[in-house]
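Colleague: Take a look at the letters that make up each chain.
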Amino acid sequence: MKRRIWSSVGMTVLGSALLVATMFAGTAAGGTAAADKQQVQQGGTLRIVSRSDFDYVDPGLSYFSHSWNMMAATHLQLLYYPHVEGPAGRRLTPMAAQGFPRVTNGGKTYFFAIKKGFKFSNGSNVTAANFKRSFDRALNKSMQSPASSFLDDVARYRTVGTYGFQVTLKKVAPDFLARMSMMFFSAVPTDTPFTAEGIKAPVVSAGPYFLKEWNQKASALVVRNPHWKNNQEPFKSLGYSNNINEFRWIVGPDPATQRLMCERGEADVCSFPPTQAKELSEQYGINKQRFYVKSQTTLWYLAMNNSRGIFQNNLKLRQAVSHAIDRRFMVAQHGYLAGQRTDQFLPYSMPGFKEFNIYSLKGPNYTKAKSLSQGNTRDGKAVMYTFNVAQGPPIAQSVQFNLKQIGVDVEIKQFDRVVQHEKSATRGEPFDLTLEGWGMDYPDPSNFINVLLDGRRIQADNNVNASYFNNAAINARMDKANAASGAARLTAYGQLDRDIVKDYAPVAPYISTNARIFTSNTVGCYGYTSIQGTLLTKICKR
Amino acid sequence: MFQYLIRRILWAGVLFLAVTMVTYVIFFLVPANPARLAAGQSATPERVREVEKFLGVDQPVYIQYVKFLKRLVLEGSLGQSFVTRQSVNEEIFRAAPVTASLVFGAMILVLLVAIPLGIFSALRPRSLLDRAAMTYVLIGISLPSFWIGLVLAYVVGFKLGLTPIAGYCEVISVPEASICGGVVDWAYRLVLPWSTLAIVVAGTYVRFVRAEVMETMNQDYVRTARAKGAPERQVMSSHILRNAMLPVVTMIGMDIGLLLGGSIFIEVVFGLPGLGGTALESIGRFDLPTLQGVVIFGALAIIVLTLIVDLLYAWIDPRIRLT
Chain A
1 MKRRIWSSVG MTVLGSALLV ATMFAGTAAG GTAAADKQQV QQGGTLRIVS
51 RSDFDYVDPG LSYFSHSWNM MAATHLQLLY YPHVEGPAGR RLTPMAAQGF
101 PRVTNGGKTY FFAIKKGFKF SNGSNVTAAN FKRSFDRALN KSMQSPASSF
151 LDDVARYRTV GTYGFQVTLK KVAPDFLARM SMMFFSAVPT DTPFTAEGIK
201 APVVSAGPYF LKEWNQKASA LVVRNPHWKN NQEPFKSLGY SNNINEFRWI
251 VGPDPATQRL MCERGEADVC SFPPTQAKEL SEQYGINKQR FYVKSQTTLW
301 YLAMNNSRGI FQNNLKLRQA VSHAIDRRFM VAQHGYLAGQ RTDQFLPYSM
351 PGFKEFNIYS LKGPNYTKAK SLSQGNTRDG KAVMYTFNVA QGPPIAQSVQ
401 FNLKQIGVDV EIKQFDRVVQ HEKSATRGEP FDLTLEGWGM DYPDPSNFIN
451 VLLDGRRIQA DNNVNASYFN NAAINARMDK ANAASGAARL TAYGQLDRDI
501 VKDYAPVAPY ISTNARIFTS NTVGCYGYTS IQGTLLTKIC KR
Chain B
543 MFQYLIRRIL WAGVLFLAVT MVTYVIFFLV PANPARLAAG QSATPERVRE
593 VEKFLGVDQP VYIQYVKFLK RLVLEGSLGQ SFVTRQSVNE EIFRAAPVTA
643 SLVFGAMILV LLVAIPLGIF SALRPRSLLD RAAMTYVLIG ISLPSFWIGL
693 VLAYVVGFKL GLTPIAGYCE VISVPEASIC GGVVDWAYRL VLPWSTLAIV
743 VAGTYVRFVR AEVMETMNQD YVRTARAKGA PERQVMSSHI LRNAMLPVVT
793 MIGMDIGLLL GGSIFIEVVF GLPGLGGTAL ESIGRFDLPT LQGVVIFGAL
843 AIIVLTLIVD LLYAWIDPRI RLT
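Protein sequence lines, in the order shown, are assigned to chains A and B.
First residue of the first sequence? That's 1 in our numbering, and the numbers climb one at a time after it.
First residue of the second sequence? That's 543 in our numbering, and the numbers climb one at a time after it.
Calculated directly from the structure, the hints in this document are not laboratory data.
All values reported here derive from a predicted model rather than from experimental measurement.
It is possible that some hints are incorrect.
Unchecked claim - Straight-line Cα separation of at most 27 angstroms, BS3-like style, residue types lysine-lysine; simulated pairs:
#1 A/Lys502 x A/Lys316
#2 B/Lys701 x A/Lys278
#3 B/Lys609 x A/Lys141
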């Protein structure tokens, strides 16, 4: 999932690199009058402009967030997060499944009954075999699919009759259902090949739309699935609006050009340089028309290396760091409205998040930090890894200044993002602090807490636990929380979030990010959830 | 002539080997493993090893390089992208026409502007025209291409609405997903990218043509031609321009070769799916085969165009022999 974060870093870099020019373009663009509210239209074409292309259009291989955003409108999953804003959009809901699966065998066997009536864009019926095929493809060696790691705990699976699908796990895993909402496990035709290159357009799919054409690095066309009937069951109960007739992707332009395209009506959904967010918010307001700021489930944090150096077995110094850093400054480096300050490990929109006030969000609390660091700074030297573009260098300098105040001299080492990650992911690498980010794979708190902080997962390299935090008591609590389900699960993770950050402080979170989107004045309604991103099935034109 | 060609082709082979080898070495000096990127975060070491094998990066660099050369020479294949797993040949064939459209169109504009302007500036040094031309040269050379591109997109495309702001249209076999197509749309969409590249490149050419013409005008053979009563038109065309243009031809050949390797900023600003954007993306994603493909294409373009320029030299000036 870091790929998504790298992608966002890249966008930020481009925006920053073109700062001078974009400021020129940005300030002079104020002449456009705000559009009046008009009637919402059914139909029309929505043009989405994107800097980067889809990685694959094959649900078995695709792992980029904007590819999944398209697939959320084209594919049918067993379970999904409804395309509505607010709490309902964060509630896992049956999609192709008749209801939640019947769980037996002590929580290890799941039986999904598939609804009848769904059809692929080629007219064939959706059956259990189509979901089985997605599992087959994920686990097939010749596919080399990233999905395979999300089925590590699957012991066996099979179809039961035409419309039954049964999965047996090796051990109890309450996050299994959330995983089933991932695009990897969408229904695919049973003759979909096992191919490492992935399937090409047209992609036969069973969602409300299907991908008709994809011209790599240039354009894509998504049109209605002729067999999807909004006003009939089983489609009706899913509550999709499906206002737009077709979606066209224009791939390539940089953010500054994208903004001009949306201003002039050459495109409908655009990005823009981070430096223009303030101006856009003043011009169009926030979440009123054209300029939208929506909460994401992505977190950036300062990871402290718990396996070596000054932070190993040094809780007080780790807590001191979390008190000393200037979150206000750090968040500002991400850009205007780029996110909310936080001191917690779960992002604000993650199910299970509960707000606690543990560290100062307003600025450094040196008094508290010094009282904790006093006598605990050891040799007083720390090495910080960061990436060498966008917010990386200024945030590292800010941390360097803040920690100097509590008696720690930070040496900053800058790398390309890929290299920085490779280094900090290698056990034994000589660093004390590293700047990291994480975006969810699926909306379950375990995807943050267990994945990033379970010390038993630490390996020789390719670690995502950049703080190398490994605490037996916390590991046990993670297991317990992960075994729970429903409200108890969310409560357990909320409490775990608080206790880890407060009592162990392996990391110092500072921002829970926002998505910022700009639209043309012909876009009438706009929907977004932290899980799906822009809701293509909800959006409409005036 | 034949011997010369053989020698040049052999030399091109050596150059090609050097370029591909350097790209390989630089790539593997960066301490990052493409298999780890492809395997996904938190993949187990076993899974990473599997992906290394799948991508072919599990062997020593020299073996990978030999395999790459063997595949290229015997099968004409540049391999598959580490990231998209698509054929790199296809990626290059898809992107190269876009970059070629940009470069050749812009070079025509460059020559249309630079040659007359350079000549007139040389003929009337320190005149108003000369000073204006030199001011333009200064601007063209000093301003970065992405800034000029964005300003043109804003003023001409957005404010005046005279051209589209960004995008590319296919001339033939227009995809349904494309928002435009055909020769007129193709040219219309490229007006701004052509102009941007032309503004940047033409500055150098104006100055170069001016300097060459001024220098040639002071040559003895020009003075002699004038003393012998040759008409000024003939002096200009046969004695001054013919000689002054020789270095310009070399420069055009080299520049087209370089630009075919990718005009990154202009392609990014205007959203052109060309080689520059492809190279930029492959660097960011640590995609060696794709990057190698663009490098090879760029190197071949320079080698071929330099050869063409050398052959043209002999044709333009018979005194030059290809030995």
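Colleague: Next, verify each hint and record whether it holds.
Modeller: Each hint, compared with the structure:
1. With a CA separation close to 11 angstroms, the supplied pair A/Lys502 and A/Lys316 stays within the 27 angstroms bound.
2. Our distance criterion of 27 angstroms between C-alpha atoms is met by B/Lys701 and A/Lys278, whose separation comes to about 21 angstroms.
3. Among the hinted pairs, B/Lys609 with A/Lys141 is consistent with the structure: their alpha-carbon atoms are about 23 angstroms apart, no more than 27 angstroms.
Violation of the numbered hints given earlier is absent; every hint is satisfied by the structure.
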